[in-house]
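Sequences listed follow chains A and B, in order. For what it's worth, our numbering labels the leading residue of the first sequence as 1, then goes sequentially. For what it's worth, our numbering labels the leading residue of the second sequence as 1001, then goes sequentially.
Simulated from the structure, these hints should not be mistaken for lab results. Take the hints with a grain of salt, since some may be wrong.
What the hints assert, rightly or not - Chain A is nowhere near these chain B residues, computed Cβ spacing over 12 Å in every case: (1) T1038; (2) N1041; (3) S1137; (4) A1167; (5) E1233; (6) T1234; (7) I1240; (8) R1241; (9) K1244; (10) G1245; (11) V1248; (12) D1272; (13) F1349; (14) V1365; (15) W1397; (16) D1398.
What the hints assert, rightly or not - The calculated DMTMM-like cross-link candidates involving lysine to aspartate or glutamate, where the alpha carbons are at most 20 Å apart (straight line), are: (17) B:K1306 <-> A:D59; (18) B:K1169 <-> B:E1207; (19) B:K1068 <-> A:D116; (20) B:K1267 <-> A:D263; (21) B:K1120 <-> B:D1398; (22) B:K1399 <-> B:D1375; (23) B:K1267 <-> B:D1310; (24) B:K1304 <-> A:D116; (25) B:K1169 <-> B:E1119; (26) B:K1141 <-> B:D1375; (27) B:K1068 <-> B:D1078; (28) B:K1244 <-> B:D1398.
Don't be surprised by glycine CBs; every beta carbon is placed ideally from N, CA and C.
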Amino acid sequence: MVLAQILLNGILLGGLYGLMALGMALVWGVLNIVNLSHGALIMLGGYTVYYLFTLAGIDPFVALPIAMVVMFAAGFALQWGLLNLVVRSKMLNTLLITFGLDVVLTFAAQLVFTADFRTINPSYAGANFPVLGLTVPVVRLAAFCVAVALAAGVWFLLNRMPLGRAIRATAQNLTAARLYGVNPRKLYAITFGIGAALAGAAGGLYGMISNLTPYMGASLTAKSFVIAIIGGLANPFNVILGGIFVGIAESLTALYIGPTYTDVISFGLLVVVLVVRPKRAVRAA
Amino acid sequence: MKTSLTLALAALLSATALTGAAMADDIVLGASVQLTGTNANTGRYYRDAYQLTVDKINAAGGVKVGDKTYTLKLDLLDNQSDVNLSVRQYVQLVSADKVNFLLGPFASNFALSDSSVAEKYQIPMVQGGGASTQIFSRGYKYVFGTLPPADDYFASTIEMMGKLSPAPKTVALVSADDSFDVSVAKGTRKHLADAGVQIAVDQTYREGASDFSSILTQVKAANVDAILWTGHETEALNFIRQMKGLNVNPTGLSAFTVGVPTADFRKALGADANYAFGMTSWLPDASLKDRWFGDAAQFAAEYKAKFGYDPDYHAASGAADVQTFVEAIEKAGTLDPAKVRDAIAGISFDSLYAKVKYGENGQIVLPQVVVQIQDGNMVPVYATDFMTKPMYPVPAWDKR
């Protein structure tokens, strides 16, 4: 029974992990930018939902799409005004600039939001229900469903819609895409905006399960990175599966080896994946 | 013309240098504190307490050494919650800034590393942020601490548990893996064994962890009477929220080493904070008389008025560190580090924090008052006997 509950915990948590990584994988796959400020964007999304909930009294799940729109706009502006300047330069440059962005966003967040702990705490935050003797936390289940739904949305966008085809075409062959009238500058900004919107949704859900501080981003960036590699950059559902895989691995590690070793296992998995299937890390969209 | 310009520039530069450096009648206290980064939330208590106390002492006439009066100055650096940076900053404070004495950072792992700088340069450090007994078990002579030993944090809680009815018989001990919490867990195991309480689950987690669902599932399966938890405040927040989400209900109580006395913590949790037990080495009580602030209640009022939030034991401990130096310098009648160090070792004075007196190893010994959150307020429930009736046993989440 303990094992079943721990597997369930791992799956539910893994879904949210997958959503965190989804935005990073998309931006990485299409723009070839490893966005080191991805965790900071998750943090900003979390604060957006927090303030919509506490100041405007909007239910967090209703606030999620609003936060996604806000974060899309922020992401679009960042790519349009800043990252487009370096998008085709060496990877080191994009790493540096997103790292710098992470520092700026984090410390600006401390100035604006202070270092106080925040939790998004609607009345149902701790609600749960029993199924076959297992306890299912409502918010975690909802977060899992939102993650899967958003992954489906991204898949549909990339594979079935003209915008998605244009995004993939730009990633595969820039010259050919241009010949067909695609404006890469705009398309990059839209893609980064979608990535930021996904990060924003993940942040809001994270704030309901855990808590928000201006410094939460760094560890989430690292986790997203691991999952994006494990899940691959090609298919949104694989990213969610990658998240679930890491979630289960961490939960089982905590049960059988000890909770101090969860990071060792998740980053160890990264090494194993890179050794066994190095092609996975190669961009594709 | 060119020479005169250079001369003028040189004069200007040296003038700036003079105003920037410590004046001859200043006593400079150096510290590196977490003003930004993951520990900024608690680091601010030290920054604010140091500043308030220094200002208060200066306003009351400063420090008298022989027939000379000195003004206290603070040289405060931000270590960005990075231990390695904080060690470098302490080296900078003693070797480049040439501060007279050292105040401490927050948290045991910082104090553990930073205090080695004080010992090496033989500059006394009085720190109020590190409780781990590791800091004081190395035979250092220049390091003093105003937080009671981490090993004994749960001593009063376990004593109280014995007097509750029904008394908890089995506990789950959950601890982080950093210096402070390892020290707490080690001491708690011993105290539990002495009290004849069985440890059903004993789990250590990685510092900074945000998911406790695996540990909580094991705790739930073990059906324990009590949870004793030690770690950092953000982790405590996550733990309590996930306890509710996974419907984990110890039949007796759950107690936390940190978080409960912090106003911000109670605010973040809202009603879910109720019934949680915690501990504090300090309460803003008017019976604690103080030379500069009058008493602890007045200190708390002045602090709140100036900074806009309530002080907790971290702040009071930091204030006592500054006062220790003033008392010791006046007693020694000199600024000589070795002589001031000897004065600190033999000091004994009443303060807003406690009666300050350092043990052989340099650490203060104070009892922890057990507190509980009742209807959103922190209520002291037990010191050596019950002070208020605790709400016990704690009801299950769905019965609150």
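Hints versus structure:
1. T1038: 5 Å, violated
2. N1041: Nearest chain A Cβ is 4 Å from N1041 of chain B, so the label is violated.
3. S1137: 23 Å, holds
4. A1167: Non-interface label stands for A1167 of chain B: nearest chain A Cβ at 27 Å, farther than 12 Å.
5. E1233: Given a closest Cβ separation of 7 Å, the condition is violated.
6. T1234: Violated, since 6 Å does not exceed 12 Å.
7. I1240: Violated, since 9 Å does not exceed 12 Å.
8. R1241: 7 Å, violated
9. K1244: With a cut-off of 12 Å, K1244 of chain B comes too close to chain A, as the shortest Cβ separation is near 3 Å.
10. G1245: Check fails; 4 Å does not lie beyond 12 Å.
11. V1248: Given a closest Cβ separation of 8 Å, the condition is violated.
12. D1272: Non-interface label on D1272 of chain B violated, nearest chain A Cβ at 7 Å vs cutoff 12 Å.
13. F1349: 33 Å, holds
14. V1365: Check passes; 31 Å lies beyond 12 Å.
15. W1397: 6 Å, violated
16. D1398: Non-interface label fails for D1398 of chain B: nearest chain A Cβ at 9 Å, not farther than 12 Å.
17. B:K1306 <-> A:D59: 35 Å, violated
18. B:K1169 <-> B:E1207: Since the Cα atoms of K1169 of chain B and E1207 of chain B sit roughly 28 Å apart, the hinted pair is violated (cutoff 20 Å).
19. B:K1068 <-> A:D116: 43 Å, violated
20. B:K1267 <-> A:D263: Violated, at about 30 Å.
21. B:K1120 <-> B:D1398: Distance of about 56 Å is beyond 20 Å: violated.
22. B:K1399 <-> B:D1375: 15 Å, holds
23. B:K1267 <-> B:D1310: 12 Å, holds
24. B:K1304 <-> A:D116: 16 Å, holds
25. B:K1169 <-> B:E1119: Violated: K1169 of chain B and E1119 of chain B sit about 44 Å apart, past 20 Å.
26. B:K1141 <-> B:D1375: 45 Å, violated
27. B:K1068 <-> B:D1078: 32 Å, violated
28. B:K1244 <-> B:D1398: Given that 20 Å is the threshold and the Cα spacing comes to 9 Å, the pair holds.
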